[in-house]
Every structure is written in structure tokens, then in C-alpha cells.
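A.B. asks: One-letter residues, chain by chain:
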Amino acid sequence: MAKMTMVQALNLALRQEMEKDDRVIALGEDVGLDGGVFRVTDGLIDQFGDQRVLDTPLAESAIAGMSIGMAVYGLKPVCEIQFSGFSYQNFHQIENHAARLRWRSRGRYHVPMVLRTPYGGGVRALEHHSESREAYWAHTPGLKMVIPSGPRNARALLVSAIRDPDPVIFYEPKALYRAFREEVPEAEETLPIGEPQRVKEGQDLTLIAYGAMMRPTLEAAQQLKDKDGMAAEVIDLLTISPLDEEILVQSAKKTGRVVVVHEAPRSFGPGAEVVSRLMEKAFYYLEAPIERVTGYDIVIPLFSREKAYLPGTERILRAARKVLAH
Amino acid sequence: MAKMTMVQALNLALRQEMEKDDRVIALGEDVGLDGGVFRVTDGLIDQFGDQRVLDTPLAESAIAGMSIGMAVYGLKPVCEIQFSGFSYQNFHQIENHAARLRWRSRGRYHVPMVLRTPYGGGVRALEHHSESREAYWAHTPGLKMVIPSGPRNARALLVSAIRDPDPVIFYEPKALYRAFREEVPEAEETLPIGEPQRVKEGQDLTLIAYGAMMRPTLEAAQQLKDKDGMAAEVIDLLTISPLDEEILVQSAKKTGRVVVVHEAPRSFGPGAEVVSRLMEKAFYYLEAPIERVTGYDIVIPLFSREKAYLPGTERILRAARKVLAH
Amino acid sequence: MPRKNITISDKIEYLSILDENGQLDKKLEPDIPEDVLLQLHRAMLLGRKFDERLLNLQRQGRIGTFPPIKGQEAAQLGTIAHLRPSDWMVPAFRETAAELWRGRSLESIIIYNNGFNEGIDIPEDRNDMPISVPVGSQIIHAVGLGWSAKYRKKDDVAMTFFGDGATSQGDFHEGLNFAAVFQVPVIFVCQNNHWAISIPLSKQTRSKTLAQKALAYGMPGIQVDGNDILAVYAAAQEAVERARSGGGPTLIECVTYRLMMHTTADDPKRYRTDEEVEQWSKRDPLIRFEKYLLDKGLLSEEKRNRVESEVLDKIQAAIDRAEKQMEALGDPIEMFDHAYAEMPSHLNEQKAEFAHEHELSKADEEGKHG
Amino acid sequence: MPRKNITISDKIEYLSILDENGQLDKKLEPDIPEDVLLQLHRAMLLGRKFDERLLNLQRQGRIGTFPPIKGQEAAQLGTIAHLRPSDWMVPAFRETAAELWRGRSLESIIIYNNGFNEGIDIPEDRNDMPISVPVGSQIIHAVGLGWSAKYRKKDDVAMTFFGDGATSQGDFHEGLNFAAVFQVPVIFVCQNNHWAISIPLSKQTRSKTLAQKALAYGMPGIQVDGNDILAVYAAAQEAVERARSGGGPTLIECVTYRLMMHTTADDPKRYRTDEEVEQWSKRDPLIRFEKYLLDKGLLSEEKRNRVESEVLDKIQAAIDRAEKQMEALGDPIEMFDHAYAEMPSHLNEQKAEFAHEHELSKADEEGKHG
Ligand SMILES: Cc1ncc(C[n+]2csc(CCOP(=O)(O)OP(=O)(O)O)c2C)c(N)n1
Ligand SMILES: Cc1ncc(C[n+]2csc(CCOP(=O)(O)OP(=O)(O)O)c2C)c(N)n1
Ligand SMILES: [Mg+2]
Ligand SMILES: [Mg+2]
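Quick mapping for you: the protein sequence lines, in order, are chains D, C, W and Z. Using the numbering used here, read the first sequence as starting at 1 and increasing by one per residue. Using the numbering used here, read the second sequence as starting at 1 and increasing by one per residue. Using the numbering used here, read the third sequence as starting at 1 and increasing by one per residue. Using the numbering used here, read the fourth sequence as starting at 1 and increasing by one per residue.
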């Protein structure tokens, strides 16, 4: 096992899948010689050549649309959209086609493509480089929406996404690209798509988060234990959609107190669906209203103020104490 | 007062605003000579000429982007996207710019544009002509998202939208374009954006809906009264975003029982935000879990099956009886 | 002020072989096997008659809205005739004649136009995409399909169809640029029928031709008389051969005309004159081709009539089969099919919920009527 | 096979006046007032020196990522010089020299590059758009701005800037097509600096020039030596005059080169050779222009040095002002400003919630450190 950053782990997933399966093709802006602006595809073009790793012209709709065509004709394209803030340029290709071709062709065709894109704040980037709008994709029938939270699950989920027969939108928390290292086994490892994980057991309350928000959430759980003697159960969604609420419901029934955390804007955001599922399936067990700790309903500010925008340990702690106080 | 269909009422709103204010410009595909494929702009080009009513080439991103430029330089463009299923072609223009220019320019510029587009099922149309994806826009900071439910409020809301200093996405329930007529006063009438309306008083439960779902919802309320002797309070959101929950909260506190209805897919849909706001502000008053009666998380089927997909009076009734049974 | 002129190698040409009076330019006449000529004629007639029949089915309320193709048969058949089964057809929504040529059944089209997903049926032995409604969006798929064919060392090509209006879409631009950069085996067939619903070509673009848009991509482009099946056939043959032999993509503009309404929901009288339509009726591709076949002695009046009545019978039989089949179709629960390879749990729940609701409402119904 | 050739009226030309060795083509020399020539020189020098200074500020961690412009000064200044205050500049993100010419303050650029929204300051008396990061998306705004100017009977024009990579975007295509159809007063300035991050022009498009893409829209297009400010100036003058006088839009391709990294986050060594960069350094637009001015006797060694030190002082003063100003900036609650004309109730609540949280955490902080 080697200690890897998320960038290295994602690179490992791509390299190994490309070695195993010559139908796997990486494409996008600057993914070749440059190895991607975050280096996730570093070295792939040297190993696999420019027929497996395509530097494309600057056009997101064509990157997604070409991937759809490739996928329909037996390939497994993994396209990179340089920043999720530019994935709206191809939103119509994904909504109109990637998400529908299996249905439209009544199973004759399907679209086993992965759209990888870095999302979220925390790296002092320019405008459009820090958004979290996973809800757009999560609300779109026919898609799967996956967000890892560390090097090891990033690698395992990307492998699963590449092998998935349906289109997967794979959001990479750029704040975690190099934030920390984890042991990542050289040997193949996958994680099922559509299964949130309980990453910490507890009975006093439930903290639900994903992606870059897992770290402040786990930190908050630690402080709750240390300072308040409260045992928080922490759940990492990993797959935003299709959302499997089973372990969320179990946990809510057990603790009766829930906080959901995301950096996306609050209104009509992913947290609202989590709240609704728990309302529908754990209502009678809830001791207090579920708290949402989220980004605000504004454009994420330029980087000098982004820290104030992003949920941090303190905000999560306060929300947790609030639900515990009820 | 004349009895008008929604199409005629919308046409009246446009005509009167264009008469009052020569900064109001209508543009889009087929809005000129053809009067729009649903005739909402019928006759405008004859009255105002082709400098006020622009037939554009077939390109949604340019229609939205040109509107942004017009709006920044002192005009009030009202662009039509022929069907909301084709508004994703311009999603990036709206998210990247229309929703942000006031913020980006720190108030130096703003974007007083209206994007009108028919949405929803019920007219036996082709694929992509029946979607309801208002949540995409509602989740986007900087936008307003409005959906009328009848000729009179459609006219009043469109006038308000045209006068609004910020970008408004105006979804028109095409199923109601000609479904019924209402008295619409010739004299100017507006409705505030951001204010849901209580359209029916009641104390036993609360039904929350909007757009084309208002009719089956009101029908369900009627049957609850007639068959079950239950008085449903019915709320029409009218503005999806910014969502003002005040009267929703009041009503939920009064009745303790709530059903929210929309034809959009359920997961990560508008109903989830309504549920979450009530969870946050009326939790201790709720007698039963809030029910969501919605479209399913699939692509809306071609028209032979769309009736089965769309929420109808019976489904709403059953959900209402379920929350009443608790 | 004087400047250096830049010479652009690719030139744009116009090809016409059989003019609107049926005059043949002998030296340009492509040699098409007689049986193929007759197949093409039968296919044109089938496309024409089926279109007429669909229109009255729609007027009788027996099918929903559909887009007629009348006048565009030559543009569709002269191009599609060059594809092999393993090639890809990537249609828009107004290519009925081409779809039938590829083997799509008449009844499937009727069923589709009645709002049944079951109406999408792609012949098992054909690599064809289902129709694509969002204008221009399918153009890019052809690039990916062609790239895949090339990558897998197959000499298959992809042929995609779109209209004059589609050339204004960003996806047209991005697709053709990608195609040229990656030199994929794709033929871009633009059916310039002069109208995008109510928008005439003159309001769609200021460029003199649509073919010249190929110059922006360093791609060969050609404009052909789209109502002259010989010209269309010749131009498409060249483009398909080029693509198959690794020569890259081509843009073909077929100049034709939409003789009918945009769809049955449209009223062309609002935006165009009868005179214009009449002018174009004179250039009818079917009449022109039949004159050619008669002159060649390949067709006779009564042979033509025989073909026509065979075609009509075939259509009637298909309508009967379709209406029979549709009685068995429409169980609403099937709307949950084909959402994902594996149904996610929340969808299973929604499906169960629907099944339950559905039972109840059927019960209510019977209650009412019983 | 022989066919009719279609003659496309618009032809594409290449313009160069002052070649890379400083050789002047006298008969093409535009007559530019001496004071303007000297202003342009000062502006080029300012752009160049400010760029260098920003780079070491970034390396010292005193500002964040930014896109250097070195090598593209002539393309930006030869074009922008023709705008009046009431005209619209619609930039991408690599037009620092042009923005400064328009009156944007040096400090605002430093402040913006430090992640403060306050850094966006548009001179009160200028109709300029803020920078636009999504590649190509701003092109369409210029069309709307130009349309509005025309509608309001003003003879203002809009000039929009974008790169070679931007020409691959659908928005470029849709924008130019709309501009030609509506004959708006817009000048499309493509700074072809040969690279889109790591993608060379040869992988961006297969067309021989970017200027010829204008043919797709029936719009005049011209390619100029973008490192020759005289050629850029002359071509832009013609385009701006055409636009102002109702002659419609023009596409100008300025052939130039990005001598530095894409942004300070980029490492060009990964994708291009030093040789290539050296070749282009020889074509430096500043050196070339200075030689011209020296030959013309408008500039002398020491005059040049005087201008340079004035420019350096100006930059230093701006840095000092900026760093002073920034001490006062950054109250996070201001992130809620300018969301809507009127703050909706739910945002007011979120703002109050934030204010409360913020107080508490400040308290915590003090608790920790006190
Ligand atoms: C992206 C998109 N925008 C709008 C529409 C509505 N629409 C359907 S067909 C059509 C006109 C298409 O014109 P053209 O490309 O010339 O094809 P034709 O209908 O003439 O065959 C329009 C605007 C659509 N289907 N897709
Ligand atoms: C729509 C979009 N896609 C991707 C990016 C990331 N990106 C920023 S600049 C750039 C390259 C732009 O190249 P070009 O248009 O030639 O302009 P240049 O950087 O050379 O000035 C890319 C890919 C972006 N900003 N916007
Ligand atoms: Mg057409
Ligand atoms: Mg460039």
C-alpha cells in the first residue's frame, strides 16, 4: 500500500482501468500532455498514447456529446470538464441525451460514460472555479451523481463509475486533491455506487455530509465527543443520486437528531432531499428539527471571503449543539 | 373585463408593457410573424414592428446571451425559449452571467430580463416538450423563478417580471394555455414576486402546489370537503424562488398536516425545499409527516402514458387522506 | 488599403445533374445500377405516400403531431443509400424516408407518433440512433460514433442529418470542428429546406450558402441540388468513400424545400406565400426522378402505378398491424422500464407506490361504473 | 468530377505593416497622430511592466493566480485605442493592457487578483463589462450590447476580446451568426496567441486561419500580424468605422503569442519548447514598435527610459495604495451584497444567521487567544 493524495489515487484508478480495458478512453481539455490542470491524468498519454487520451478543442458540449457517441458505440469514455462551473455548457447534452438514451432506445443502447469534474471551494481560485451544484445533476433522472471524500474511496468509486453501465457525474472535491494522503492499495478496489457509509458510530446525533465537508464534519464529531461527551454518528453519502436513505433512516431512528452539511447553496439543495426522506421515513423518531449547515443562497464570493461562505467545524458544532439542546 | 385564456392574458401583458415602455423587447424563435408556436406573442410584430419583436436564428444560448447584453445596456428583453426542455442549451448563459452580473459588477450593472418558456406535461407533445425542471433555476442564486396557475395571475406576474430589476425565469404551464378562461381586467394589474397566495382557507390540512398542479389540487380540496367533510387550506406558490415560507409556515402551524404537489421529479425537487422549510419552522406543529405527490424520478413518458406520470386528483386525495389519518 | 490575399484551399462547389425540367447533364450522370435506381424510386414513392397517409391519420386524430417530409425524399435517399448496415445513421426528426430505407418498420413510426415509447424500434441489424428532437444536438454524437469506429479499426462511417436551422446551433459548430480536428469518418448532411418553422434561411444566417460553413473547419463542403437525387447520390458517394478510406468528414448541403407544414401543429400560411410553395412544387424530386427513369426506359406508366399500389397496400397493412398492436400496448407501469441498468431502491419504491395507486384507481373506476 | 464553383464574395486578407525586423511597408503606414503613437507606447510599456510586477507579487504570495499578457500588448492596444468612452469593451480575462487603457485602475487589478470582489471596478465614465471567465460566453453579450446601441440610435460600438481557444465554443458561433444576421456594430477581436493552456492552435481547429471562420457568417474577416501595432491599428480602425457607420460586424484575428504561462498556476514546459518561445520573443511587439518610434525620431533612448521609470513609479504607487486599501477590505458579511436589487426574506435571514455565527466565532477566537 502506498500513501497517496486524491489526485494520485484518481490517477491510479484511471491507469489501472485503462490497462485492464482498452475501451476506456480519457478525453477533455488539457488531459493529455499537460496531464490535466490538476494532474489527475498525469502520465496517461505517455503510457497509453494519444488514441486513448485525447486532448480536445475547447468546447464542453462537444466533449460530453462526443463521449455519448463513443459510449453508445462500445467505449467507456471518461471525460474531464476542467471545472464544474463550466459543465453547464454541456448540461443539455447530459440532460437531453446521456440521461435518456437507454430509456429512449428502450435498452438497445446505453451510455457508460463518466463525466469527471472538480467542484467546490477552498483553493483560492477564480470566479466559476469554486461552485457546488451537484443538485442539478442529482435532480436529473437517468444520471448517477457521485462525490468521494478521500483518496481511497475516490479511487474505488471512480473504478466503479467507469464500470457502471449508466452515465455517472463524478464530482471531485478539489479542496481535497492534495489536502491529505491515505493508504491506497495497489490491488483493485471498488465501492458500490448508491451506498452511503456510516464512517463513525454514535447514538446521540447523526451528522450527514459528503465530499470536502466530511473533514469539518468529522472534526465537529470529535469535538462533540471531547468537549460535550456526545457520540455523533457520521454518515458519508458518497453517492448523492440515486440516494439510498436506508442507513440515514436507521441512524435518524436511533439518534432522533440530525444535521446535514453541504457547501452547495441551501435552498433547493441536496440537504433538502435528505430532510424530506427522513421526514417521510423517520418522522416519529425525530426529537428535533433537522438542521441544514450549508453554503448560503448567494454566488460563492471570490477567495478572500470564501472561508466565510463555506461551512466549517464551528458552524457544524453549533448546529449539532442546537439539535442536542432540544 | 374580458374572459381570456392564459395565452391571451400573457399576450395582453406583453402588449401593454410594450406600449408603456419602448425598452421592452420580445425575442426568440418564431415569436414574430408566427406569433410564437403557442401564439403568446401573436400580433405583437404587427403592432410594434421587427425592431421590438425579433425573430432570431435557432440558438438558445445566443437568445439568452443577447438578452443579457440588451438588459445590461438599458433594455428589458423578454425572450422566449420555445420549450423549457431546450432551455438547458442556454443554462450556462443564465448561471454564468444573468444570475451574476449584478453581483460581479457590484451593482454597476443588472440584468432585468425575463426568460419565458412553456413547461410541463398534458398536451400530448413530443419528447423534451413536457418536462418540469424548475428546481434547476430555483437552486441558482441570483435568479427568480415564477410559475403562474391561471390567466389572471399569469398576466399580473408577467407584468411584474418584466418590471423586475433582476432576471426572472418565467415558466408557463402549457397545459393551462387554453384549458380555461378567466376574467382579466384591461386595466393594469401586477402581483408581487416572492409571495405565495392562500387561495382557499381551511383548518384541517394544507395543500401546497403551483402551476398546472393547482387544478387537481383544488379539485382534491373540493372532494375532501364534499366526501370527507375536511377543510383543506390551499396555497399556490406562484414564486418558486426566492421562496417565502411565511404563509406556508402559518398554515402548517394551523393545520399540522401538509401535502405538497408538483409534476417535477420527486428527488431533489421543489417539494423537498418546502418540506425542509416547514421542518425548520413548523416542526413542533406537524401532526404527520408531510407527503410529496410528484412526478416520478424517471423521464416523463411519451404522451400515451403521461397521464399516469402526472399527479392527478386521486393521488392528491389519497395523500391527503393519509396525512389526515395520522 | 491593399493587403495580401489569403488563399483558402478548400473550395465550395455546387452540383446539379438532373435539373428541375428533368434535363440531364450527361457527362455528370453517375452510373447507378438499374436495380438501385428502381429501389430508390420505390423508396421515394413509399416515403411520399406514407407521409400523405400519416397526415390524414393525424387529421382523423388517429396519431399525434408529426413532421412531414414531402419534398425532401431525394435528399434523404440519395445520401442514406450509401450506408452499409454496420454504418451509423444519426437522424434528427424529419428523415422518415431514410429511416424506412434503413429498415425501420412503418408501424413503429405510427406507434411512436401515437406517443408510445415502443414506437422506437431500431432494426436489430442496423447501427442507427433513435430520432433526436433537440435541434443540432445529435451532430456531436455522430462524431463520437465515428471516432469509435476509427478507434476500433472498422471502416464504418456515421452519417448525421440536420436542417438549415440546426446550423445556427453551437452544437453544429463544435461538432464539425471536432470532426475535422479528429478526422473522423462522418458525413454531415444538411437538409436545407429553407425554413426553420417560420424562420426563412435569410433570417437564419447571412452566409450565401450553408456548405461554405465547412471552410471554418478546414473541411470539404459541397452544395447540391437536394431535389436532384442523382446529384445527391454522386456527392454522397464521394463523401462516404472519402470517410471510409480515412479521408475525414464532409459537409453536404442539400438544397431542398419543405413542401408541407413544419409539423401538423404548424400553419405555414402565417409566414410564407403559396406562390413560393408552388414554385418549389415544380421542382418536386419525385416527378423529376420519374421522368429520368421513364426516359431511361426503366419505368413505364403502368409499372409506376403498379409500384404505387404495392406501396399503398404495404402502408395499409402496416396501419392495420399498428392499430392492432397498440391495443395491447400502454400498460403505464412500463414507464419505469429502462431508467437504469439496475433499478435503484427509491425507484423500486416509486414503482410499487404507482402500482398500488393504479390498482386503487382502477378499483375506484369500476366502483364508479359498476 | 467537374462542378460549378461557388464564388464567395467576402475574401480573407492578411495585413502586416511593420515586420518583425522593424521593416516598415511605407505605403501601408497608417497616419496616426504623434501623441497617440506615444500614448500607445506608454500603454504598451505600462502593460508590460505591470505584468512583470504582478508576476513577482504572485510569486511572493502577495496576490493570487492571474493570467499574464506579455507579448499581446499590441493586439490589445491597437484595437482598443479606437473606442470612445461610450463604446463597450467586452473583455475575456487576458486584456489587462486594454483595461488599463480604458481607465481601469492598477490597484483594482491587484485587489481583484487578491480575491476581493471590490477589485472589479469599472470606470464610471466607461461602458465596459467586467472580465468574463467562461471562455467564449461574453461574445454573445457584445451582440446584445451592440444591438441595444443600434436600437437606441447611438453610434456606439461594442468590441469583444477572446482567444484562439474560444473560437471552438458554440457561443462563438452563435454570437457571430447573430451579429451578422442583425448587422450589429460589433468588432470581434480574436487574440490568437497560439495556445489554449496546453492545446496548440493545430489541435484547436483544422482551418488554416481563424479569420476565415467569418466566411461562415457572411461577415468580413481579416487576419493581422498581432505583434505589429500599426497593422492592428489600421485593421481595427477600418472595422470600427464600418461598425459605427452601420456597416455591421467584423472579425479580426490578431496573430500573436502568449510569451508567459497561461496563468501563474500553469507550467508551459510541460507542453511547449523553449525554442518556440524564443522564436516568438524575437517578434516582440514592444521592441518592434520602439524601433519604429526611434526611426521616426519620436523616441530616444533616454526618453524611453524616462517613460519606463515613470511607469514603474506609477506601478509602485498603485501597489502601495492597493495594499493599504486591502487592509480595510474583507468584512465577510459583504458577501451578501448585490445578490438582488432587494434582499429576499430568506437571504436576510441567512445574513442575520451569518452575522450571529460570525460574532460567536470571533468571541471563540478571542476566548482562545485571551
Ligand atoms: C434546441 C431546440 N430548440 C428548439 C426546438 C424547437 N424546434 C423544433 S424543429 C425547429 C426548427 C428546425 O429547423 P431546421 O433545423 O431547419 O429543421 P427542419 O424542421 O426544417 O427539418 C425548432 C425551432 C428544438 N426542437 N430544439
Ligand atoms: C467554458 C470554459 N471552459 C474551460 C475554461 C478553463 N480555461 C480557462 S482559459 C482556457 C484556455 C483559453 O484559451 P484561449 O481562448 O486561447 O485564451 P487564452 O487563454 O489563450 O488567452 C481554459 C480552457 C473556462 N474558463 N471556460
Ligand atoms: Mg429547415
Ligand atoms: Mg490562446
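What the hints contain is simulated information worked out from the structure, not anything from laboratory work. Being a predicted model, the structure only gives us computed values, none of them experimental. There could be a bad hint or two in this list.
[Unchecked claim] Capping the alpha-carbon separation at 27 Å, the derived lysine-lysine pairs in DSSO-like fashion look like this:
1. Lys203(Z) to Lys154(W)
2. Lys20(C) to Lys26(Z)
3. Lys322(D) to Lys20(C)
4. Lys253(D) to Lys200(D)
5. Lys254(D) to Lys20(C)
6. Lys322(C) to Lys281(D)
7. Lys303(Z) to Lys11(W)
8. Lys154(W) to Lys307(C)
9. Lys362(W) to Lys307(C)
10. Lys291(Z) to Lys4(W)
11. Lys203(Z) to Lys26(Z)
12. Lys11(W) to Lys203(Z)
[Said to hold, decoys possible] Computed from the model, here is a short list of chain D residues facing chain W with C-beta under 10 Å:
13. Gly69
14. Gly74
15. Gly122
16. Pro141
By construction, the Cβ of each residue, glycine as well, lies at the ideal position given by its N, Cα and C atoms.
A.B. asks: With reference to the structure, classify each hint as holding or not holding.
C.D. replies: Quick rundown of the hints versus the structure:
{"no.": "1", "hint": "Lys203(Z) to Lys154(W)", "in the structure": "24 Å, holds"}
{"no.": "2", "hint": "Lys20(C) to Lys26(Z)", "in the structure": "57 Å, violated"}
{"no.": "3", "hint": "Lys322(D) to Lys20(C)", "in the structure": "53 Å, violated"}
{"no.": "4", "hint": "Lys253(D) to Lys200(D)", "in the structure": "16 Å, holds"}
{"no.": "5", "hint": "Lys254(D) to Lys20(C)", "in the structure": "62 Å, violated"}
{"no.": "6", "hint": "Lys322(C) to Lys281(D)", "in the structure": "14 Å, holds"}
{"no.": "7", "hint": "Lys303(Z) to Lys11(W)", "in the structure": "52 Å, violated"}
{"no.": "8", "hint": "Lys154(W) to Lys307(C)", "in the structure": "45 Å, violated"}
{"no.": "9", "hint": "Lys362(W) to Lys307(C)", "in the structure": "14 Å, holds"}
{"no.": "10", "hint": "Lys291(Z) to Lys4(W)", "in the structure": "24 Å, holds"}
{"no.": "11", "hint": "Lys203(Z) to Lys26(Z)", "in the structure": "36 Å, violated"}
{"no.": "12", "hint": "Lys11(W) to Lys203(Z)", "in the structure": "22 Å, holds"}
{"no.": "13", "hint": "Gly69", "in the structure": "2 Å, holds"}
{"no.": "14", "hint": "Gly74", "in the structure": "6 Å, holds"}
{"no.": "15", "hint": "Gly122", "in the structure": "31 Å, violated"}
{"no.": "16", "hint": "Pro141", "in the structure": "7 Å, holds"}
In terms of the numbered hints stated before, the structure departs from hints 2, 3, 5, 7, 8, 11, 15, listed from lowest to highest.
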